[in-house]
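Residue strings, one per chain:
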Amino acid sequence: MKLKSLSIFLIISSFFLTCILSIWKIMATLQGLSFNNLNTTPVFLNGILLSLIFIIIGNKINHLTKIFSLSFLFSLLYFYLNESSPYWYILGVFLITLFFTNKLKKYSVQSLKEDFISEKIIFDFITLFGIVFFAFVILFPFYIMLITSFKTQIALLVNPLDFSLDFSKNLTDLLKSYFIIFETYNFGRYILISSAVSIGTVIVTLLFAIPAAYAVARLNFFGKNFLSTSILIIYMFPAIVLVIPLYTVFSQLGLRNSIFGLLIVYTATTLPVAIYMLQGYFKSIPKEIEDAGIMDGQNWFGIILKIIIPLSLPAIASVALYVFMIAWNEFLFSLMFLDNPKSFTLSRAIQYLSGDAETPRQYLMAGSVIVTLPILFIFIYFEKYLVSGLTAGSVKE
Amino acid sequence: MSVSLSKLEKRTAYTLVLPAVLLVFAIVLFPIFANVWISFKDIELKDIRIPEPRAKKIVKSISDNQSELKIIYKLRNSSLIQGIRDVQFQDKFPTNVSPINLDPRCNFQSKKVVCNFGNWQAKYRENFEITVQNNNGETIDKKIIKSQKPILSGKADNPLLTANFTLENFKKVFYENNFVELLSTTFYFTFFGTVGAIIFGILAAQLVNQNIQGRTYMRGILLFPYVGPVVALAYTWTLLLDPNSGTLNALLVNFNIIETPINLLGQKYMTISILGFEFKLRLALTTVIFFEIWRYFPLAFLFILARLQAIPQTLYEAADVDGASPIQKFIHITLPQITAIISILFMIRFIWNFNKFEDIFLLTGGASGTRTLPINVYQQGFAVSDIGMGSAVSIVIVILLLIFMVIYFRLIGKRINEA
Numbered sequence: 001m002k003l004k005s006l007s008i009f010l011i012i013s014s015f016f017l018t019c020i021l022s023i024w025k026i027m028a029t030l031q032g033l034s035f036n037n038l039n040t041t042p043v044f045l046n047g048i049l050l051s052l053i054f055i056i057i058g059n060k061i062n063h064l065t066k067i068f069s070l071s072f073l074f075s076l077l078y079f080y081l082n083e084s085s086p087y088w089y090i091l092g093v094f095l096i097t098l099f100f101t102n103k104l105k106k107y108s109v110q111s112l113k114e115d116f117i118s119e120k121i122i123f124d125f126i127t128l129f130g131i132v133f134f135a136f137v138i139l140f141p142f143y144i145m146l147i148t149s150f151k152t153q154i155a156l157l158v159n160p161l162d163f164s165l166d167f168s169k170n171l172t173d174l175l176k177s178y179f180i181i182f183e184t185y186n187f188g189r190y191i192l193i194s195s196a197v198s199i200g201t202v203i204v205t206l207l208f209a210i211p212a213a214y215a216v217a218r219l220n221f222f223g224k225n226f227l228s229t230s231i232l233i234i235y236m237f238p239a240i241v242l243v244i245p246l247y248t249v250f251s252q253l254g255l256r257n258s259i260f261g262l263l264i265v266y267t268a269t270t271l272p273v274a275i276y277m278l279q280g281y282f283k284s285i286p287k288e289i290e291d292a293g294i295m296d297g298q299n300w301f302g303i304i305l306k307i308i309i310p311l312s313l314p315a316i317a318s319v320a321l322y323v324f325m326i327a328w329n330e331f332l333f334s335l336m337f338l339d340n341p342k343s344f345t346l347s348r349a350i351q352y353l354s355g356d357a358e359t360p361r362q363y364l365m366a367g368s369v370i371v372t373l374p375i376l377f378i379f380i381y382f383e384k385y386l387v388s389g390l391t392a393g394s395v396k397e
Numbered sequence: 398m399s400v401s402l403s404k405l406e407k408r409t410a411y412t413l414v415l416p417a418v419l420l421v422f423a424i425v426l427f428p429i430f431a432n433v434w435i436s437f438k439d440i441e442l443k444d445i446r447i448p449e450p451r452a453k454k455i456v457k458s459i460s461d462n463q464s465e466l467k468i469i470y471k472l473r474n475s476s477l478i479q480g481i482r483d484v485q486f487q488d489k490f491p492t493n494v495s496p497i498n499l500d501p502r503c504n505f506q507s508k509k510v511v512c513n514f515g516n517w518q519a520k521y522r523e524n525f526e527i528t529v530q531n532n533n534g535e536t537i538d539k540k541i542i543k544s545q546k547p548i549l550s551g552k553a554d555n556p557l558l559t560a561n562f563t564l565e566n567f568k569k570v571f572y573e574n575n576f577v578e579l580l581s582t583t584f585y586f587t588f589f590g591t592v593g594a595i596i597f598g599i600l601a602a603q604l605v606n607q608n609i610q611g612r613t614y615m616r617g618i619l620l621f622p623y624v625g626p627v628v629a630l631a632y633t634w635t636l637l638l639d640p641n642s643g644t645l646n647a648l649l650v651n652f653n654i655i656e657t658p659i660n661l662l663g664q665k666y667m668t669i670s671i672l673g674f675e676f677k678l679r680l681a682l683t684t685v686i687f688f689e690i691w692r693y694f695p696l697a698f699l700f701i702l703a704r705l706q707a708i709p710q711t712l713y714e715a716a717d718v719d720g721a722s723p724i725q726k727f728i729h730i731t732l733p734q735i736t737a738i739i740s741i742l743f744m745i746r747f748i749w750n751f752n753k754f755e756d757i758f759l760l761t762g763g764a765s766g767t768r769t770l771p772i773n774v775y776q777q778g779f780a781v782s783d784i785g786m787g788s789a790v791s792i793v794i795v796i797l798l799l800i801f802m803v804i805y806f807r808l809i810g811k812r813i814n815e816a
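Going line by line, the protein sequences match chains A and B.
The numbering used here puts the first residue of the first sequence at 1, with every later residue one more than the last.
The numbering used here puts the first residue of the second sequence at 398, with every later residue one more than the last.
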């Protein structure tokens, strides 16, 4: 029994260490180090040895001394296995091992005798590994996007693995792609158009949605139930089935290639979600507060403006951010409706840029960074509101 | 008193709701019905303009005589399928310039040539000529003549509103469009995309729900793919997976995991042999599904995490007292608590993946076996420019969606109320 849990512990922990060190090695390769082998087997065996020594030493020496000396020894061993590696790389290995041995702290000869210890070990390390794995998988494309925008096409064709940045060059060289897409490809204009359309959509949507949501939440009228069910159904219908009729009608009305046309469509497609989210929140406001407003002689307009809106600012912020995100990221309608470069949104402009096979990829990535950064900053800054918006509105994209 | 109050309430309600309802009706509901109409018409992208008479004016000198000019109007009907009725033509000339040997359909008065061309059938073309002379025998300035644009008008039906209907589009959808493959690709994509996103969502939620440092940061990072713009993310992935100089292939080749780069987005099938059994993996489709999972598991994660955090801790404490193992706790406590939200997520994600257009369009454009129904709407309507056919495919999508929704509200609708 003890042997079984010990071997599971050794294998799982060493497997975890090997995975993290492999990810570190991949990242180092992308900095221009020439590793041609992941060397997983020796790392794995060393990891087993490391965990074993850790368990054997147990509490005989101070924990800090133990992890530092063990990590140092491991890194030294690692250094001899990968001779031609620079010191920053080995320092990374040392820090990873330090982190790893610190995580081993709660395991000892005694704890390996506990009930279900092997399951607990597996869960423990899967959690750790999972977090590293998810963070890596999610952030890696963003990292590639950002670094590519600073590189040149030729450099990437010569060595697609070299993502190191040469900071000794001056800043204008590094940011060259950004200067070019602003100067040659008019991205300044597209940023303005995208912002105008997105902010416009938010304002118009709120103007339409707040009164409608209030009516659905509070007032009694014929067709109310029908309306609130159809809101749910309508926002299941995708943009792709609307696109052909809207295209033909907008062509005949001359609304294509106009920001106004785009604004109408974005507003109409986000309205059901907005109404759905807002009416849920309005229902949660105590009715007594409104009754007090009625006593004071307020009409419906006054109640909405002076009572409902101030009380539901968090919900309105969520809706606004969510609608902004949809409008900013929207692609299908801008692809269909805009074919004049003068009225492109950012998304459409990037897609247009990619249509030309000659366009160097760093321009494409610089454009991508420009369209991604604002939305990520807004998301990080207002995470609380946007998350509640996502949760409430996610029946729709 | 109360009667008038409720009347007032109703009136207020309608005023508040009406603007939103009208807008949604015009932009969302109307097109869904308009699709039905268009799908029964034989109509192409170039036909959607209302036909109009057009003229191109060419001014030519006649030999040496500078006081005379020949003007050629290249007249045509802009539409290839529809006629125009009562075409009227008008062109203005400077003082002292008048036409000679004017066409019998026209007359000249107060410096204007006015013609009545009658009806033009579809594709109608004519080179209409007028010779003009200066009454004083002076030279006519060609530029002045040229700068005057003729005015044409005529009556034509909107090709969208004519009453010619055909079943041809639906016949083509079902018989000439590889319909079975189209449908199977769509379901393959939808099903695996949905299930994958939910599995990764459960995993991620389970991880973040542990007591680890920086879990709020982790939650934020996990949502990045969902909040990022699809265009940027899809192009980054295309670049990452590029067979010639993509990072992923370069890494795999560098570490000797594969010998030659794999075209993950451009190769329809890849043969894989497991335990001696060979089977064909739909490579491009699988890659697109992975992108889809990567982009949408954050949503599943967010929902499941919210549910997990609402599970009372006492349940787990009780299980600890009973000596349950971590796996038993997951199976007997966590899973039953999240089945309701998972089934809701499954239906919502299923419907939305079924409708997914942008992701596939940007990654592969529908090539290499990734043609799904929404991609086909675009291909038919805008690449082949057969709008009627595109609408017919849209109708198929709408019908399937309605079926899903009936199932959704029958089965899961009850669950929402419970949850």
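Since the hints were made in silico from the structure, they are not lab data.
There could be a bad hint or two in this list.
Unchecked claim - To give an idea of the chain A side of the interface with chain B (calculated C-beta under 10 angstroms), a few residues:
#1 C19
#2 T127
#3 M145
#4 I234
#5 N340
#6 K342
#7 S343
#8 S354
Just so it is clear, CB atoms sit at the ideal spot from N, CA and C, and this is done for glycine as well.
Would you pick out the hints that fail for this structure and give their numbers low to high?
1, 5, 6 and 7
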